[in-house]
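**Student:** For the first sequence, the UniProt record's numbering assigns the number 1 to the initial residue and increments by one for each residue that follows.
Do not take every clue at face value.
[Said to hold, decoys possible] Below are the BS3-like pairs computed for lysine-lysine, each with C-alpha atoms no more than 30 Å apart in a straight line:
1. LYS394 <-> LYS426
2. LYS247 <-> LYS196
3. LYS463 <-> LYS426
4. LYS426 <-> LYS400
5. LYS282 <-> LYS293
6. LYS293 <-> LYS247
7. LYS463 <-> LYS397
8. LYS293 <-> LYS394
9. LYS463 <-> LYS489
10. LYS400 <-> LYS362
11. LYS362 <-> LYS406
12. LYS196 <-> LYS160
13. LYS282 <-> LYS247
14. LYS426 <-> LYS406
15. LYS394 <-> LYS362
16. LYS426 <-> LYS397
17. LYS362 <-> LYS397
18. LYS406 <-> LYS463
19. LYS394 <-> LYS406
[What the hints assert, rightly or not] Pair by pair, the computed Cβ-Cβ distance ranges are:
20. TYR191 <-> GLN430: 36 to 46 Å
21. VAL435 <-> ARG302: 49 to 59 Å
22. ASN146 <-> SER228: 29 to 39 Å
23. SER299 <-> GLN119: 14 to 24 Å
24. VAL258 <-> GLN66: 18 to 28 Å
25. LEU157 <-> VAL184: 12 to 22 Å
26. ASP398 <-> SER228: 46 to 56 Å
FYI, nobody ran anything at the bench for these hints, they're computed from the structure.
A virtual CB, placed ideally from N, CA and C, is assigned to each residue, including glycine.
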Amino acid sequence: MVSKMSLLKPKHLFSLTGFVTVATISSTTISHRFPCLEIPAPSSSPKPKHPQHLLSLLLKHPSQPQILQQVHCYIITSGLFHYPFHDTSTCLLLLNNVIRCYSRGPSPQLALHFFRYTQHSHTFFTYPSLDTFSFAFLSHASANPNCTRFGTQLHALVFKVGFQFHMYVQTGLLQMYSSWGLLVEAAQVFYQMLCKSLVTWNVFITGLIRWGEVELALSVFNQMPSRSVVSWTLVIDGYTRRNQPMKALTLFREMIQVDGIEPTQVTLLTIFPAIANIGCIKICQSAHGYAEKRGFNSSDIRITNALIDLYAKCGCIASVNRFLQELPDQRKNLVSWTSAISGFAMNGMGREALETFENMEKAGLSPNRVTFLSVLSACSHGGLVQEGLDFFVKMVKDCKLVPDIKHYGCVIDMLGRAGRLEEAEKVASQVPHEVANAVMWRTLLGACSVHNNVDIGQRVIRKVLEMERGHGGDYVLMSNILVGVERFKDAQRLRDMIDKRIAFKLPGYSIV
DNA sequence: CTCTTGGGGC
């Protein structure tokens with residue numbers, strides 16, 4: 001088997017696919033796992049058998065990267081597409097599905113590499129024999145911004161083969177331009193369409209919302225001949241993300257009352273953050289009631305987790321506790337635990353947060369960076385300094401997680417609150433340069449102000465100003481520190497400096 | 001074998 005393979009040098013493979021991963025799979029791997037996939041010797045058996053085997057393999061396991069990789073490999077090594085095969089339609093189906101599976105997977109560019117292979121190596125799939133499916137999948141694969149060159153050429157190719165008025169192809173191109181953020185091009189494709197499906201409208205709205213054009217999205221939404229629950233969910237999500245929770249809720253009610261459409265789980269997941277933003281426990285409870293009535297809470301862990309988060313944000317920690325008790329550990333995933341921990345953290349309940357963390361580990365789950373951030377923030381707000389430091393060490397040493405700026409910020413905040421300013425300064429100065437920022441130093445400056453520490457404060461403000469100038473609040477904080485230790489003249493000098501540099505602090509208003 | 005919405009902190 002190996003000797004047969006030597007006809008195809010790895011280097012050759014590498015240039016065909018552009019990826020080492022495919023080249024490193026040996027023929028033995030394939031035939032070992034799939035005895036049906038014998039690698040033929042190119043000279044002795046001119047016709048590789050059964051492309052429909054490969055096809056059904058792909059259709060059976062559409063999201064298994066190994067299978068996809070091996071099918072890809074087999075197509076290349078066997079030269080399947082080079083043979084004047086009697087069943088060209090099956091081969092086209094196979095080609096389309098390889099592209100489709102890649103475009104849905106983690107690295108859609110592989111679809112383009114595969115496609116280039118079929119175009120550059122004298123297979124019979126040059127573009128005149130491609131169908132509308134091929135183009136729909138290819139534009140889906142080019143949806144990320146690294147593929148603009150390919151995608152633009154693809155659009156030209158669509159015109160060349162005459163699919164420019166095919167609805168599915170156009171919807172694919174619309175989706176491609178939308179995800180690149182080229183909304184003008186997207187709109188051009190959209191308005192040139194003679195016939196649009198519901199999905200076409202939804203794709204366009206998705207693009208508009210994703211790039212911040214919520215008002216435009218709403219006007220497109222209002223022009224729709226009919227709307228699905230997806231359309232409604234999209235615009236509701238647009239307003240939720242835009243911090244207009246009341247508008248989101250109004251749309252939610254309209255959807256049910258005017259259009260008579262029942263929300264799905266996704267709609268609820270979209271509306272929950274809006275309710276949390278309002279912070280009204282009554283609305284929270286009625287949303288919960290609705291989720292129970294539809295059976296979403298018992299069937300969909302995402303809904304339960306979002307409810308834990310929602311109750312915590314509405315300040316109803318008793319409900320968080322109830323969820324923790326009533327939800328069997330078996331059903332809890334990492335997000336469930338993390339939501340509960342952060343819920344305790346934001347309500348200042350450090351001990352409960354730590355206890356929940358322990359229970360999570362007993363249940364056999366390992367924390368990730370978000371879990372650690374929640375527990376660190378719980379320690380910071382609950383004054384559990386030693387515990388917090390231990391967690392930080394555990395995170396780096398035991399769990400091998402790389403802290404980001406928010407973790408460092410939490411530790412600095414924690415030490416600062418406790419008045420351990422020297423240690424806080426030491427931590428801040430040891431934060432790697434790539435992640436360090438002014439916010440972190442400003443946190444420390446705030447702590448210096450609270451504890452009236454001029455020495456550290458002076459060093460810290462230098463750091464802040466090195467990184468970010470013109471933030472008026474920094475000067476005010478420093479001047480407050482100086483006033484606190486009765487160095488009024490220095491404070492005055494600093495105030496003068498503020499005026500000179502025209503740094504200013506916007507006055508704050510309270511609505512309470 | 002087409003395309004759309006998707007759970008965790010600040």
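**Student:** Evaluate each hint against the coordinates.
**Tutor:** Here is what the structure says about each hint:
Note on LYS394 and LYS426: the hinted pairing holds, with a Cα-Cα distance of about 19 Å set against a maximum of 30 Å. Taken as a hint, the LYS247 and LYS196 pair is honoured in the structure, with Cα atoms around 28 Å apart against an allowance of 30 Å. For a cut-off of 30 Å, the pair hint linking LYS463 to LYS426 stands: about 13 Å separates their Cα positions. With a C-alpha separation of about 22 Å, the suggested pair LYS426 and LYS400 falls inside the 30 Å cut-off, and the hint holds.
Between the alpha carbons of LYS282 and LYS293 the distance comes to roughly 16 Å, so the proposed pair stays at or under 30 Å and holds. Restraint check: the Cα-Cα separation between LYS293 and LYS247 comes to about 24 Å, which is no more than 30 Å; the hinted pair holds. Among the hinted pairs, LYS463 with LYS397 is consistent with the structure: their alpha-carbon atoms are about 29 Å apart, no more than 30 Å. Pair hint LYS293 plus LYS394 does not hold up; C-alpha atoms about 42 Å apart against a cutoff of 30 Å.
About 23 Å separates the Cα atoms of LYS463 and LYS489, which keeps this hinted pair within 30 Å; it holds. Restraint check: the Cα-Cα separation between LYS400 and LYS362 comes to about 19 Å, which is no more than 30 Å; the hinted pair holds. For the proposed pair LYS362 and LYS406, the alpha carbon gap of about 26 Å is at most 30 Å, so the pair holds. For the hint pairing LYS196 with LYS160, the CA-to-CA distance comes to about 22 Å; that is within 30 Å, so the pair holds.
For the hint pairing LYS282 with LYS247, the CA-to-CA distance comes to about 18 Å; that is within 30 Å, so the pair holds. Of the pairs offered as hints, the one joining LYS426 and LYS406 holds, with about 16 Å between alpha carbons and a cut-off of 30 Å not exceeded. Our distance criterion of 30 Å between C-alpha atoms is met by LYS394 and LYS362, whose separation comes to about 16 Å. Proposed proximity of LYS426 and LYS397 is supported: the alpha carbons are some 19 Å apart, at most 30 Å.
Proximity of LYS362 to LYS397 is assessed by CA-CA distance (about 20 Å); at most 30 Å being required, the pair is judged to hold. Pair hint LYS406 plus LYS463 holds up; C-alpha atoms about 18 Å apart against a cutoff of 30 Å. The straight-line distance between the Cα atoms of LYS394 and LYS406 is roughly 16 Å, inside the 30 Å bound, and the hint therefore holds. Taken as a hint, the range 36 to 46 Å is violated for the pair TYR191 and GLN430, whose Cβ atoms sit roughly 56 Å apart.
The supplied range of 49 to 59 Å is broken by VAL435 and ARG302, whose beta-carbon atoms lie about 30 Å from each other. At about 31 Å, the beta-carbon gap between ASN146 and SER228 stays in the expected band of 29 to 39 Å. For the hinted restraint 14 to 24 Å between SER299 and GLN119, the CB-CB distance of approximately 46 Å leaves it violated. Judged by the Cβ atoms, the range 18 to 28 Å given for VAL258 and GLN66 is violated: they are separated by roughly 49 Å.
Between LEU157 and VAL184 the beta carbon distance is about 21 Å. The supplied range of 12 to 22 Å therefore holds. Against the hinted window of 46 to 56 Å, the Cβ-Cβ separation of ASP398 and SER228 comes to about 48 Å, which satisfies the hint.
The structure fails hints 8, 20, 21, 23 and 24 (numbered hints given earlier, in ascending order).
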